[in-house]
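Asks: Residue-level listing of the chains:
Number of protein chains: 2
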Amino acid sequence: MIVSIFVNPTQFAVGEDLASYPRSFDADLAVLAEARADLVWAPAVETMYPEGFASRIVPSGPAAVGLEDAFRPHFFAGVATVVSKLLLQCLPDIAVFGEKDYQQLRVVLQMVGDLDIPVRIVAGQTVREADGLAMSSRNVYLPPGERALAPSLYRVLTSSAEKIAAGWPIRTVLGEGREALERAGFSLDYLEARHADTLGPIATGSEGPVRLLAAARLGTVRLIDNVAV
Amino acid sequence: MIVSIFVNPTQFAVGEDLASYPRSFDADLAVLAEARADLVWAPAVETMYPEGFASRIVPSGPAAVGLEDAFRPHFFAGVATVVSKLLLQCLPDIAVFGEKDYQQLRVVLQMVGDLDIPVRIVAGQTVREADGLAMSSRNVYLPPGERALAPSLYRVLTSSAEKIAAGWPIRTVLGEGREALERAGFSLDYLEARHADTLGPIATGSEGPVRLLAAARLGTVRLIDNVAV
Numbered sequence: 003m004i005v006s007i008f009v010n011p012t013q014f015a016v017g018e019d020l021a022s023y024p025r026s027f028d029a030d031l032a033v034l035a036e037a038r039a040d041l042v043w044a045p046a047v048e049t050m051y052p053e054g055f056a057s058r059i060v061p062s063g064p065a066a067v068g069l070e071d072a073f074r075p076h077f078f079a080g081v082a083t084v085v086s087k088l089l090l091q092c093l094p095d096i097a098v099f100g101e102k103d104y105q106q107l108r109v110v111l112q113m114v115g116d117l118d119i120p121v122r123i124v125a126g127q128t129v130r131e132a133d134g135l136a137m138s139s140r141n142v143y144l145p146p147g148e149r150a151l152a153p154s155l156y157r158v159l160t161s162s163a164e165k166i167a168a169g170w171p172i173r174t175v176l177g178e179g180r181e182a183l184e185r186a187g188f189s190l191d192y193l194e195a196r197h198a199d200t201l202g203p204i205a206t207g208s209e210g211p212v213r214l215l216a217a218a219r220l221g222t223v224r225l226i227d228n229v230a231v
Numbered sequence: 003m004i005v006s007i008f009v010n011p012t013q014f015a016v017g018e019d020l021a022s023y024p025r026s027f028d029a030d031l032a033v034l035a036e037a038r039a040d041l042v043w044a045p046a047v048e049t050m051y052p053e054g055f056a057s058r059i060v061p062s063g064p065a066a067v068g069l070e071d072a073f074r075p076h077f078f079a080g081v082a083t084v085v086s087k088l089l090l091q092c093l094p095d096i097a098v099f100g101e102k103d104y105q106q107l108r109v110v111l112q113m114v115g116d117l118d119i120p121v122r123i124v125a126g127q128t129v130r131e132a133d134g135l136a137m138s139s140r141n142v143y144l145p146p147g148e149r150a151l152a153p154s155l156y157r158v159l160t161s162s163a164e165k166i167a168a169g170w171p172i173r174t175v176l177g178e179g180r181e182a183l184e185r186a187g188f189s190l191d192y193l194e195a196r197h198a199d200t201l202g203p204i205a206t207g208s209e210g211p212v213r214l215l216a217a218a219r220l221g222t223v224r225l226i227d228n229v230a231v
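Chains as they are written, first to last, in the numbering used here: chain A, 3 to 231; chain B, 3 to 231.
Chain A extracted, bound-state conformation (with noise of 0.2 Å):
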């Protein structure tokens, strides 16, 4: 088992939190020591782009869907390059993305179709606090008050899905999870139900299958999360 380390440039955009960005570059190699990776990987930024790089990998469809690319424009071309970059460095024979960053999981694995880099792509199932919030880099920066509040976005998901699998109209489900999550407290982003594949648009539940997506602002502090229906 290989993993890469890497917190890239280039998915951050000015102003986002690229300098304050949580690194625990020795806590991580404590925890992957434990894991029994073989290997870590974790290039330094000149590594990966020298001086002189000159090449950008951009993705469309799921990379298009007016989700996080609504919010983060150059995100998945940063994720896309570096991605490509890692595997094509390390060539492994599985890799495997988080189900929490779903949008990237999709871009990912229609990227990696494409271009016909040599790897199979697993889904890593989303790991969560006791109180269902999904374990996230960022949260050591919610204040007690938000962290408390912080669960209710899971709750909302997985409420809606209930609904919506129940046979509940879809956009009766999403405007009533959108009224909740303001009134728990959340700046909403986004909360939309989309083809759990292709990421585009769908009104009913036999379109194919569907998967719920939120992003929502607690102060400072963006959380997204995502639950299949």
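It is worth saying that the hints were derived from the structure and are not from the lab.
If you're wondering where the values come from, they're calculated on a predicted model, not measured in any experiment.
Here a beta-carbon is modelled for each residue, glycine too, at the ideal position from N, C-alpha and C.
Some clues are possibly wrong.
Some chain A residues near chain B, calculated using beta-carbon distances under 10 Å [said to hold, decoys possible]: (1) Y51; (2) A56; (3) V60; (4) A65; (5) A79; (6) T83; (7) L89; (8) Q91; (9) L93; (10) D95; (11) I96; (12) L107; (13) V109; (14) Q112; (15) M113; (16) G115.
Got chain A sorted already, so can you dock chain B onto it with the hints?
Replies: The following block gives chain B in isolation, referenced to the frame of chain A:
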């Protein structure tokens, strides 16, 4: 030895000669059998770009220097994308790209380095007719009169390279070369001296290895060629 044969639609702009581009698959196979190719990889367009295809590699650096890119704006994104697909499909140890398409060669070298594609790119020397004309699929379109004029392109390139090597000022040499080509009946797109690696502008031969590159039209046929100084 694997040989790829693929006329790539994404390199052709509207109005370019995709439909009439010379295709000689059976003749190519006969030549390749004689050259002892082990395998020919000739994918269908639907194999390369299935419905929903949504990834593009956008090169800058040597792909954005005002040579071919100025006349064919999306050409090198098409080249970079299809070349990386072909390389990752076949995973060869070595891949040969002809120096005839010199800017393309530099774009491929840059991309393979940037994206860590595990292959060694080797430059193939330009193969020429007895009179110096660089061999090209498009030469068959030259009517006899234009075919007789065509070798002037190479003659002007080599004499310009000799003068620059002998210390003449690059500006003067290029000015005279351009005039000579127009006099010979060409409509000139460009005749330029560039840094042989970056393809950046170069004012004197002391700034690095120099490459002379030209593109010019004889009637409806566009010819390109280049030589080292």
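Asks: Look at each hint and say if it fits the structure.
Replies: So, going through the hints one by one against the coordinates:
no.: 1; hint: Y51; result: holds (8 Å)
no.: 2; hint: A56; result: holds (3 Å)
no.: 3; hint: V60; result: holds (5 Å)
no.: 4; hint: A65; result: holds (7 Å)
no.: 5; hint: A79; result: holds (8 Å)
no.: 6; hint: T83; result: holds (8 Å)
no.: 7; hint: L89; result: holds (9 Å)
no.: 8; hint: Q91; result: holds (5 Å)
no.: 9; hint: L93; result: holds (7 Å)
no.: 10; hint: D95; result: violated (14 Å)
no.: 11; hint: I96; result: violated (17 Å)
no.: 12; hint: L107; result: violated (15 Å)
no.: 13; hint: V109; result: holds (9 Å)
no.: 14; hint: Q112; result: holds (6 Å)
no.: 15; hint: M113; result: holds (5 Å)
no.: 16; hint: G115; result: holds (8 Å)
When the structure is compared with the earlier hints, violations turn up for hints 10, 11, 12 and for no others.
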